[in-house]
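Protein chains: 2
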Amino acid sequence: MINTDGRKRVVIEGITPIIDNGAFPIKRVVGEEVTVAADVFADGHDELQAALMYKPVSERTWSETLMRKKENDRWMASFSIEEMVTYSFMVCGWIDAFSTWRKALLIKKEAGQDVDIELKAGGSMMRKTASRADSGCRKRLLYLAEIVENDHDPENAVAVATGDELVNLMGMFPDRTFESRSAVYRVDVERVRALYSSWYELFPRSCTNDPARHGTFKECAKRLGDIANMGFHIVYLPPIHPIGRQNRKGKNNTVIAQPGDPGSPWAIGSAEGGHKSVNSELGTMEDFTSLVEKAAELGIEIALDIAFQCAPDHPYIAEHPEWFRKRHDGSIQYAENPPKKYEDIVPFDFECDNWKTLWNELKSIIDFWIDKGIRIFRVDNPHTKAFLFWEWLIKEVKESHSDVLFLAEAFTRPRLMQRLAKTGFSQSYTYFTWRNTRWELSHYLGELTETGLRDYFRPNFWPNTPDILPEFIQYGGRPAFVLRLLLAGTLCSNYGIYGPAYELCVKEALPDKEEYADSEKYEIKNWNWNSADSLRKLITRLNRIREENPALQTMWNIRFFETDNEFLMYYAKTTSDLSNVVFVIANLDPFHKQSGWVQVPFEEFEIPENQSYLVHDLISNNKYVWYGSRNYVELDPKILPVHIFKVNRKLKRENDFDYYF
Amino acid sequence: MINTDGRKRVVIEGITPIIDNGAFPIKRVVGEEVTVAADVFADGHDELQAALMYKPVSERTWSETLMRKKENDRWMASFSIEEMVTYSFMVCGWIDAFSTWRKALLIKKEAGQDVDIELKAGGSMMRKTASRADSGCRKRLLYLAEIVENDHDPENAVAVATGDELVNLMGMFPDRTFESRSAVYRVDVERVRALYSSWYELFPRSCTNDPARHGTFKECAKRLGDIANMGFHIVYLPPIHPIGRQNRKGKNNTVIAQPGDPGSPWAIGSAEGGHKSVNSELGTMEDFTSLVEKAAELGIEIALDIAFQCAPDHPYIAEHPEWFRKRHDGSIQYAENPPKKYEDIVPFDFECDNWKTLWNELKSIIDFWIDKGIRIFRVDNPHTKAFLFWEWLIKEVKESHSDVLFLAEAFTRPRLMQRLAKTGFSQSYTYFTWRNTRWELSHYLGELTETGLRDYFRPNFWPNTPDILPEFIQYGGRPAFVLRLLLAGTLCSNYGIYGPAYELCVKEALPDKEEYADSEKYEIKNWNWNSADSLRKLITRLNRIREENPALQTMWNIRFFETDNEFLMYYAKTTSDLSNVVFVIANLDPFHKQSGWVQVPFEEFEIPENQSYLVHDLISNNKYVWYGSRNYVELDPKILPVHIFKVNRKLKRENDFDYYF
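So the protein lines, in turn, are chains D and W. Numbering-wise, the first sequence is residues 0 to 660 according to numbering that gives the first Met the number 0. Numbering-wise, the second sequence is residues 0 to 660 according to numbering that gives the first Met the number 0.
Quick caveat, the hints were computed from the structure, so don't treat them as lab data. Some clues are possibly wrong.
Repeated chains share a single entry, so a pair holds when one copy, or any two copies, can fit it.
Straight-line distance between alpha carbons at most 25 Å, and here's what the computed DSS-like set of lysine-lysine pairs gives [as the list claims (entries may be wrong)]:
#, residue 1, residue 2
1, Lys69, Lys7
2, Lys339, Lys102
3, Lys362, Lys7
4, Lys394, Lys371
5, Lys119, Lys637
With the sequences and hints as input, model every part of the structure.
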């Protein structure tokens with residue numbers, strides 16, 4: 000009946016950050032901290048200690064840091080992630096008999112009570128502790144015990160008994176016989192790029208100067224220099240595989256392709272090959288690996304699109320008909336979302352009897368491209384494949400290649416997006432694409448950064464994608480493009496654009512839809528890189544600002560502050576040591592100039608009171624001298640809708656003399 | 000590597016109500032409902048079903064109720080607790096292939112697409128379902144399948160395929176092969192008295208008309224009639240055991256007792272006996288069992304105080320010295336909370352090597368009194384004994400006597416009080432005793448009834464105890480006594496008073512303390528039951544109102560509403576069918592008359608618009624006709640500080656004629 004040691008009196012509850020009681024690991028990148036909090040308490044009035052224990056999973060010994068007691072029996076401590084390996088942590092608590100005794104001694108002394116017996120008890124506790132100590136400390140403890148027990152001056156005995164030296168010595172060798180331990184929780188650790196990244200999406204087939212011809216990997220390689228110069232980290236390519244010929248879609252998603260129509264790259268597979276082949280119009284596998292190498296030389300990475308689906312003529316369909324659902328007439332069931340039909344795409348049946356061979360084959364696709372040098376995968380529609388599959392796949396892949404990153408392209412319901420992140424996706428597309436007002440943006444950022452989501456859901460903000468041309472930029476014109484770009488890149492440490500169309504401010508949409516007219520998904524585009532509309536310079540500047548300001552390289556430090564104009568949104572990001580302080584003030588109205596007063600919580604930023612400070616707009620390079628907590632801002636969207644201020648907090652001067660010279 | 004069936008596509012998350020991920024059971028009383036919610040979703044766009052499964056733990060088969068889908072992939076269902084046994088529940092979810100198919104069929108039909116293949120597929124699904132069905136349904140399903148597949152009129156086939164009959168038939172025999180199941184969670188069920196109770200605390204030794212003499216069980220038995228007539232359910236007696244003679248405390252907690260001082264009943268044990276004996280000055284064990292029987296005849300219950308601690312001359316100390324901590328001089332360590340000393344009390348050492356024999360002995364004390372007919376224990380200072388001990392003890396006791404209730408007398412930090420409730424205490428003392436303002440009370444009630452606490456922490460509101468004479472009633476006089484009584488009894492379905500002192504409005508305190516002067520804890524009192532200050536009539540009325548208004552017999556239905564005067568607090572309790580609607584409006588200022596307007600959300604209470612309704616003050620018996628959403632209230636604390644309105648919601652009349660007659 001009594002199975003556990005009933006003398007474990009310390010209770011440990013309410014540990015954060017954990018996900019679904021530890022069913023999933025929390026996520027961090029190398030260099031981030033894990034701040035653990037827990038309710039730790041015991042019956043009665045004894046003093047406690049609590050420790051945070053942590054280690055890379057594979058190590059045998061725990062590192063340990065004492066937790067600090069906060070309000071309401073909550074204890075806290077942090078540790079830093081130093082290696083790109085999975086970490087474990089747990090919380091321990093024990094009764095601190097020495098502190099309990101010391102506290103009682105002080106109170107009794109203060110109350111003028113006799114403490115002779117207490118001193119004897121303390122000495123005995125010190126002698127016991129000495130038996131656990133190393134020889135140096137043991138000697139010292141025994142020496143101090145002698146004083147505490149027998150000093151002819153009781154004042155001196157109490158002074159020694161309650162002095163710092165003894166507190167430190169006793170704290171080094173606590174009696175943890177009846178210590179309580181929480182369960183062990185995991186931290187999945189990824190490289191920094193999981194948290195800080197700039198993505199540029201590019202269809203290699205449009206990398207051509209000849210509109211009549213299909214672009215190639217070789218031509219694509221030539222574009223990489225420009226993209227690297229703009230400061231992007233990742234060039235993401237839509238699927239590069241052979242495109243199905245059966246049921247191929249024509250321009251603007253028409254059901255019948257015309258001769259020469261290239262089809263949608265997401266309709267993967269033909270007689271030419273499937274997910275492990277490259278479309279021969281793009282070049283050879285060697286051309287592709289050269290492209291990957293060229294990127295590496297430029298310090299950027301190629302990300303591939305993983306779309307686990309097939310064209311009707313994908314070789315899998317003949318080789319593994321059991322992986323697909325059949326219609327009642329025996330034909331293969333194409334993808335549908337009634338009444339919409341995707342006749343050029345066949346989904347896998349994750350409920351098929353042969354699901355294990357299917358899972359293994361799909362994993363082999365990832366392994367294949369890892370072998371070709373790819374470490375970043377943007378996964379198409381992961382929410383239409385089984386969650387258990389992703390959990391398994393990502394875990395398996397990361398076991399051999401912990402540097403692989405997965406971006407979940409799931410624009411769907413919150414619970415599904417969150418679950419995908421829990422199952423292991425490194426980054427996730429978000430609703431940013433449709434959040435435009437101050438209320439929408441600040442609440443959404445609050446949800447992403449101030450709730451449990453922050454421990455597993457890393458957002459990636461995209462102002463556009465080949466699938467989505469939001470109304471805001473369709474109708475807001477160039478100022479809207481500028482605004483949404485700067486918001487994406489400063490609100491979120493991960494952002495990306497469907498590159499050419501954004502760079503060139505393409506805003507022609509299908510009537511009453513948020514879809515591109517003449518979408519690149521169904522045709523080869525010939526981009527005019529020298530268009531007057533090009534945002535290239537601005538993009539370059541944004542990416543450089545992100546690179547030079549570490550405050551912008553994380554997500555979790557964002558704070559919103561008040562302005563007196565609903566169109567003016569004001570947020571700050573800072574490094575924890577305040578060595579880098581960035582204020583962003585955005586005019587969310589792309590049509591009109593807006594002005595107003597912003598509230599600077601200068602105490603929080605340790606800006607000295609009664610002294611001016613410089614805010615330096617890193618976009619326009621203008622500098623303004625601000626003073627106190629209320630400052631005026633005016634933003635004309637036609638000139639520049641956003642200030643990105645680097646705040647130069649002047650140090651307090653020794654004397655006024657310095658001020659005048 | 001792939002250990003689970005990967006075809007289980009449904010995810011079940013975020014189940015409520017559960018405590019610490021199921022580490023502790025939730026609590027209910029017989030007749031209450033358990034409303035379970037969970038996030039249930041799958042990949043893709045398939046339709047789902049979710050079911051709440053529940054049963055008494057000991058039964059083999061689950062009962063089942065389909066859950067209803069709410070916003071954001073949240074599903075809900077409820078079940079009723081019908082027996083006083085532990086229940087289990089879990090959530091299941093599965094892909095509903097038929098509904099998915101039916102929805103697609105309707106959309107395709109609407110879009111004018113050909114549905115012939117779909118109808119064939121549906122028929123085949125119906126035939127498969129028929130094979131799982133009983134013979135009547137099987138025949139019907141096959142008959143309908145024939146129509147769906149082959150009816151010459153496709154309109155008719157679609158009508159049958161999407162008709163209610165088929166929905167119902169297919170819903171009866173779902174294919175749950177790949178169903179997902181949550182973990183199984185427990186519900187601890189107690190009798191109604193755990194949720195609805197009125198307590199009267201009484202020192203039997205003061206049940207005497209002769210101030211020079213110690214009262215007895217026999218005299219106490221004579222008081223029971225009055226207490227039963229006042230409408231209390233439970234008479235709670237402080238410890239009735241022999242009181243230690245060694246270090247016995249004198250009047251007003253003086254360190255040296257004078258001859259004739261009876262000592263504190265909480266200093267348990269002497270040569271006469273310990274926790275299984277009765278103080279011979281009170282009478283014999285037979286007198287005690289007669290008292291218990293007398294109570295039962297009157298329809299009330301005796302609750303005993305369980306104080307697991309000893310006087311220095313308790314027999315345990317000689318018999319089991321190993322259960323106690325020794326001071327350095329070899330003497331037994333008395334209780335301390337430095338600088339306070341409780342020389343008349345010795346605590347058990349829950350860290351002693353012999354903790355198992357200690358636990359078993361303490362349990363045998365409970366068993367002993369259960370054997371004497373006691374089913375309710377008020378546990379003294381449970382927060383100074385190990386939590387694991389309580390968890391074990393309560394579980395063990397309830398396994399043989401599920402009708403036993405434990406009230407935790409823990410006035411301590413929130414986390415400790417909450418943990419005691421999790422470990423199994425049926426009811427808990429609360430901070431009500433010191434919550435006086437509208438903000439304090441409404442927020443505290445919010446915490447108790449609108450957070451996870453409601454599933455395990457049953458509050459019991461005490462306006463006073465022998466240990467606590469709050470300043471509010473010390474200085475607020477009789478109006479404060481009336482106010483706090485009526486608040487306790489209407490805010491909380493469990494309430495109690497330290498009877499004689501409250502009934503007679505005793506307010507003499509030690510200087511600058513919230514403690515009674517000449518406390519009954521250290522002396523025998525001679526109460527003047529006929530005092531003009533007696534609240535007996537009011538108490539009787541309050542208890543009758545509670546008995547006649549089921550809305551007041553639960554805790555979880557309380558809602559606070561607006562008034563325009565900070566001193567006027569207004570709350571409502573209703574039965575879920577609105578057959579009983581009670582409004583309470585209290586003037587929290589015991590010194591001055593307060594008036595103001597209260598906001599009645601009449602739509603919520605289904606009070607017909609544009610029609611007057613009657614509010615009947617059950618305390619004063621006054622009736623008021625109210626109209627609309629804003630009504631005026633004036634409360635003079637010297638007359639009556641609280642309205643307890645029963646709201647008579649008039650039914651809508653058929654015609655105006657009725658109105659005039």
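Using 25 Å as the alpha-carbon threshold, which applies to Lys394 and Lys371: within, between, both, or neither? within (20 Å within a copy, 61 Å between copies)
Could you figure out if Lys339 and Lys102 sit no more than 25 Å apart (CA to CA) within one copy, between two copies, both or neither? between (73 Å within a copy, 13 Å between copies)
Is the C-alpha distance from Lys362 to Lys7 at most 25 Å within one copy, between copies, in both cases, or in neither? between (46 Å within a copy, 19 Å between copies)
Homo-oligomer pair classification [Lys7, Lys69; C-alpha up to 25 Å]: Answer is within: at 22 Å inside a copy they meet the 25 Å cutoff, but 43 Å across does not.
Homomeric proximity label, Lys119 with Lys637: Cα distance no greater than 25 Å: neither (81 Å within a copy, 60 Å between copies)
When held up to the earlier numbered hints, the structure conflicts with hint 5 and nothing else.
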